[in-house]
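Peer 1: Please assemble the complex out of the two chains, which come individually in their own frames, going by the hints.
Each protein sequence line maps, in turn, to chains B and A. Going by the numbering used here, 338 is the number at position 338 of the first sequence; the sequence numbering is gapless. Going by the numbering used here, 527 is the number at position 161 of the second sequence; the sequence numbering is gapless.
Wrong hints could be hidden among the right ones.
What the hints assert, rightly or not - In the EDC-like style, the derived pairs of lysine to aspartate or glutamate whose C-alpha atoms are separated by at most 16 Å in a straight line are:
#: 1; chain 1: B; residue 1: K71; chain 2: B; residue 2: D169
#: 2; chain 1: B; residue 1: K171; chain 2: B; residue 2: E214
#: 3; chain 1: B; residue 1: K114; chain 2: A; residue 2: E469
#: 4; chain 1: B; residue 1: K114; chain 2: A; residue 2: D464
#: 5; chain 1: B; residue 1: K161; chain 2: B; residue 2: D258
#: 6; chain 1: B; residue 1: K112; chain 2: A; residue 2: E469
#: 7; chain 1: A; residue 1: K407; chain 2: B; residue 2: E93
#: 8; chain 1: B; residue 1: K217; chain 2: B; residue 2: E136
#: 9; chain 1: B; residue 1: K217; chain 2: B; residue 2: D140
#: 10; chain 1: B; residue 1: K112; chain 2: A; residue 2: D464
#: 11; chain 1: B; residue 1: K161; chain 2: B; residue 2: D235
#: 12; chain 1: A; residue 1: K407; chain 2: A; residue 2: E527
#: 13; chain 1: B; residue 1: K193; chain 2: B; residue 2: E261
#: 14; chain 1: B; residue 1: K266; chain 2: B; residue 2: D235
#: 15; chain 1: B; residue 1: K114; chain 2: B; residue 2: E33
Since the hints were derived computationally from the structure, they do not count as laboratory data.
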Amino acid sequence: MEIVQTVLSISLISSALAVVVVIADRFLNDYGECVIDINGGNRQMTVNGGSTLLSALAANRIFIPSACGGKATCGLCTVQVASDVGPVLPTEEPYLSEEQVNEGVRLSCQIKIKHDLEIHIPEELFNIEQYQARIEKITDLTHDIKEFRFALEEPAELAFKPGQYVQIDSKPYGSVTESVSRAYSISSVPSDKGFVDLIIRLVPNGICTTFMHEHVKEGDTITLRGPFGDFYLRDGADDLVFIAGGSGLAPIKSLVFDILEQGLEKNMTFFFGAVTKKDLYYVELFQDLEKRYPNFRYIPALSNPAPEDAWQGDVGLITDVVAKYVETPVNKQAYLCGSPGMINACINVLTGIGLTEDEVFYDKFT
Amino acid sequence: MGTPAAIHPIVILLAAIFTSNMVLANFLGMCPFISVSNEYKTASGLGKAVSLVMLVTTILNWFLYHYVIAPLGLEYLRFILFIVVIAASVQIIEMALDRYLPELHVKLGIFLPLITVNCSILGISLFMVIRDYTALQTVFFGLGSGLGWWLAICALAAIREKIARNKLPIGLGGPGITFIITGIMALAFIGFAGTLMIQ
Numbered sequence: 001m002e003i004v005q006t007v008l009s010i011s012l013i014s015s016a017l018a019v020v021v022v023i024a025d026r027f028l029n030d031y032g033e034c035v036i037d038i039n040g041g042n043r044q045m046t047v048n049g050g051s052t053l054l055s056a057l058a059a060n061r062i063f064i065p066s067a068c069g070g071k072a073t074c075g076l077c078t079v080q081v082a083s084d085v086g087p088v089l090p091t092e093e094p095y096l097s098e099e100q101v102n103e104g105v106r107l108s109c110q111i112k113i114k115h116d117l118e119i120h121i122p123e124e125l126f127n128i129e130q131y132q133a134r135i136e137k138i139t140d141l142t143h144d145i146k147e148f149r150f151a152l153e154e155p156a157e158l159a160f161k162p163g164q165y166v167q168i169d170s171k172p173y174g175s176v177t178e179s180v181s182r183a184y185s186i187s188s189v190p191s192d193k194g195f196v197d198l199i200i201r202l203v204p205n206g207i208c209t210t211f212m213h214e215h216v217k218e219g220d221t222i223t224l225r226g227p228f229g230d231f232y233l234r235d236g237a238d239d240l241v242f243i244a245g246g247s248g249l250a251p252i253k254s255l256v257f258d259i260l261e262q263g264l265e266k267n268m269t270f271f272f273g274a275v276t277k278k279d280l281y282y283v284e285l286f287q288d289l290e291k292r293y294p295n296f297r298y299i300p301a302l303s304n305p306a307p308e309d310a311w312q313g314d315v316g317l318i319t320d321v322v323a324k325y326v327e328t329p330v331n332k333q334a335y336l337c338g339s340p341g342m343i344n345a346c347i348n349v350l351t352g353i354g355l356t357e358d359e360v361f362y363d364k365f366t
Numbered sequence: 367m368g369t370p371a372a373i374h375p376i377v378i379l380l381a382a383i384f385t386s387n388m389v390l391a392n393f394l395g396m397c398p399f400i401s402v403s404n405e406y407k408t409a410s411g412l413g414k415a416v417s418l419v420m421l422v423t424t425i426l427n428w429f430l431y432h433y434v435i436a437p438l439g440l441e442y443l444r445f446i447l448f449i450v451v452i453a454a455s456v457q458i459i460e461m462a463l464d465r466y467l468p469e470l471h472v473k474l475g476i477f478l479p480l481i482t483v484n485c486s487i488l489g490i491s492l493f494m495v496i497r498d499y500t501a502l503q504t505v506f507f508g509l510g511s512g513l514g515w516w517l518a519i520c521a522l523a524a525i526r527e528k529i530a531r532n533k534l535p536i537g538l539g540g541p542g543i544t545f546i547i548t549g550i551m552a553l554a555f556i557g558f559a560g561t562l563m564i565q
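Just chain A, same shape as in the assembly (with noise of 0.2 Å):
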């Protein structure tokens, strides 16, 4: 693996979808993978907020961390930060989407006041900072993260679609056996892991 500046964009995109997944690598955000995973239209719409909100609010946390709080080195504070651009884009996110493209508000509108608190939009904001990305690789990084939450939430809830109808044991239903369907998910993601060594 050599110096981050090196890595090529494509190559973080792919690694943040496939071997280093936001929520069956990292185990981020997932709250709302497991409590929003029973219908597939549903799952895929928050995917698609995410991706969204992920993509956008990265790149704003880019610039604010290289032109603001690192020069006045307030790394410190880059939590409290992030999560306070995080919210504030959000609303303005929702708002535009309301005026704009009426059409996907509607579909995305109840998820994303939801989001502000997904850890894992907040995580690869600070991921960036750990990794020095520079600012392509974070638009790459940012745009890769939503698209593999959004193709695992979209996984799990086709699968639990299929096994809606199953019998299981007492005990087992609901998020017991989601959080098994995600272990096995996990596992099988692990097989992407020879393609891409990135962290």
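Bound conformation, chain B alone (with noise of 0.2 Å):
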């Protein structure tokens, strides 16, 4: 009796409070319906108040780069509000720097819409649209990074410049309740019409990596948006180095195999770093290209061999291996992806050679 009792009385009181709340909701978070005027009127949507900023956009089928969903804790889903929406808040502080706070740059994810707003976006992310592609295939590329194809359904094509990105929304599984919204490079061409290939290393504990390494097959439906970024080739020089760790290797590989593609004047020269034979992957792949085209030379690098590994190549840190190749800096452009670390390292040995920091164009891993 008393069971029945306790259980009641807890259930009956508990949903009384959630029927406040709801209430409550109901009529506090309920701002009517309000106008977003996107760059001077260029376009304009209504939407329903209280929602964020980010989503109420994506609604409509404006997608901001974000990385963590809506968290707070990527900083890439920036607007420039012109409309007033109240003081920087203690979540944003972090990601905006003193000169985006005076130009009224935001955090969209935490924008609660409350009235009218009038905000300015880079027209490029017009382009961006959401697809829904199939996993064409899955290929084991070292043991801890696999490629993945997507043939995309929904819409049937993506116009990207090679180096760009997509984000992939992860589904849960396992005790991963929650979905996110992650950034991989593209490693395909543009020509490639229909399919966009990724590189994805698995992350210990990584909560995308893990869904795309163990949960998803060949067959399986998923959510791509993009394309983002501003990693892709630009005028200037003749003489590209491109240097690549791990699964930075994709947006490289995008780059060379479209420039050859286009038969551009461009020598190339490929550093790849990895720290045994065993995280080596298309070797030869890079190996053959070297072989048809003179201007393409192909530098892998081991940093620390195992015995077995037999390795006749470079070896060393990527660092000193760009600098014993890199001699000069005369009509030279740098392109870089990889870890934090590796970018950095290699930023600074670039610049030592004399390269500015407007020849090096870096992806770097967050």
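Peer 2: Written as structure tokens, this is what we have:
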């Protein structure tokens, strides 16, 4: 009897409170319809107030880059807000520079829409679309890196610049109950229409990488968004230095193959850093390119080759190997993709050789 | 000390702030007290949020206890029911602040969800029952406990800001020295004990 009474009273009181909260939410969180004006009248949309700017824009198919899914931990979803939306929140402060704050730049995931807003976003964000893609093929590249080939279903084509990235939405699995968005660079070329290749390394305890490595199979459908990013080929120099480590090979592969396909008159040197031979992949692919194209050079380097590797190539940290081969800064640009540690070290080496900071482009893993 | 009903509400208010301060006499609500006391501004924000939630939830829980829990003989469920009320009221307070006092919401907003699990909030609801306070006494008790918590965290944050630039022995930095300071502050607050005699 007492058990029934206990269960009943807790359930009744909790339900009553839940109803109160729901009613309060209905009245207190109802801000009516608000109009969002983008880029001075360029686009206007009517949304229901009370939601965040990021989700309201996404619902209207304008996808602001975001890697954390609206938790204010990635700092990517910046938007310039011209209307008054209150002071910068403590959750935004760590991601905004003083200059950005003065320009009215805010994290769109932290802005709640309470009235009509006027915002400014880069025009290229209008090109970002959400895609449903089927996993066509999964290839093991190394012990912890896989390549995923996606066939785009809806929309059927994705126009991107080589070097750009897309976001994947993971689905809940095992003890992970949330869905997260993570960014991965495209390794295929734009001419490979209807397909997108991604190279994903398994990060220990990584929510999305574990999902992709252990919980998806060929034939599954995944949600992608893109293209994002400003890591793409710039005009100017004819001598290009590419440096990558781990899954940072992805955007470089796309860039190299696209340049060769377009027949651009560029000299390219591709440095790929790994620890032992088992971390290397696509070696034959790039060695074959090296044989076929005199303007492409491939230099894989191992920092700590195992005795059984019988490694004949360069040994040492990628920074030392780059310093050994790159002599002059004249007419050069460098494109880097890999871990923040590797990129910072390489930027130091390259600026030491004489490249200026606007000749070095990079895509850091975060 | 007379019967609880005889104690003047103002006495309860002052006692809750000074002699039986929630943190420094009862050592409740220590987690945010230690971890959010690096900076005076943030500490004060959290203190205000705690005060507001304490006041509102103790009053709600007083009515819940006297009109639902006690008549139905559900005293053994009061821990769970108090917590449910605290969780729900924090949600509603947050929404209401966002709507009507957005300025205050900006300052307190990030702290409000944290406070749901602050043990001093539950603590005062339980004390109010144990001590058999009337509704009026409860209002002053809730207000005083909140103000006392606010005072304590502001004092600690001010001290921590002062010592932030000092060199400390390795291993004593951060929480270590904070616990020592808290202990000394608690000793200092004992000095108030003679002025008011309320448990």
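Peer 1: Need the status of pair K114/B, D464/A: alpha-carbon distance at most 16 Å?
Peer 2: Given that 16 Å is the threshold and the Cα spacing comes to 10 Å, the pair holds.
Peer 1: For the pair supplied as a hint, K266/B and D235/B, is the alpha-carbon distance within the 16 Å limit?
Peer 2: Roughly 11 Å separates the two Cα atoms, so the pair holds.
Peer 1: For the pair supplied as a hint, K112/B and E469/A, confirm whether the alpha-carbon distance does not exceed 16 Å.
Peer 2: Cα-Cα ~13 Å, so holds.
Peer 1: Assess, step by step, whether the Cα of K71/B is no farther than 16 Å from the Cα of D169/B, and give holds or violated.
Peer 2: Within the cut-off at roughly 15 Å; holds.
Peer 1: Assess, step by step, whether the Cα of K112/B is no farther than 16 Å from the Cα of D464/A, and give holds or violated.
Peer 2: holds (10 Å)
Peer 1: Are the Cα positions of K193/B and E261/B separated by 16 Å at most?
Peer 2: holds (14 Å)
Peer 1: Please verify whether K161/B and D235/B have alpha carbons no more than 16 Å apart.
Peer 2: With Cα atoms ~13 Å apart, K161/B and D235/B stay inside 16 Å; holds.
Peer 1: Straight-line Cα separation of K407/A and E93/B no greater than 16 Å?
Peer 2: holds (15 Å)
Peer 1: Would the pair K217/B and E136/B pass a check requiring their Cα atoms to be no farther apart than 16 Å?
Peer 2: Since the Cα atoms of K217/B and E136/B sit roughly 9 Å apart, the hinted pair holds (cutoff 16 Å).
Peer 1: Is K171/B within 16 Å of E214/B, Cα to Cα?
Peer 2: Holds. K171/B to E214/B sits at ~12 Å (cutoff 16 Å).
Peer 1: Do the alpha carbons of K217/B and D140/B lie within 16 Å of each other, as the hint requires?
Peer 2: Measuring from Cα to Cα gives roughly 13 Å; hence the hint holds.
Peer 1: Assess, step by step, whether the Cα of K161/B is no farther than 16 Å from the Cα of D258/B, and give holds or violated.
Peer 2: Holds, at about 9 Å.
In this structure, every one of the numbered hints holds.
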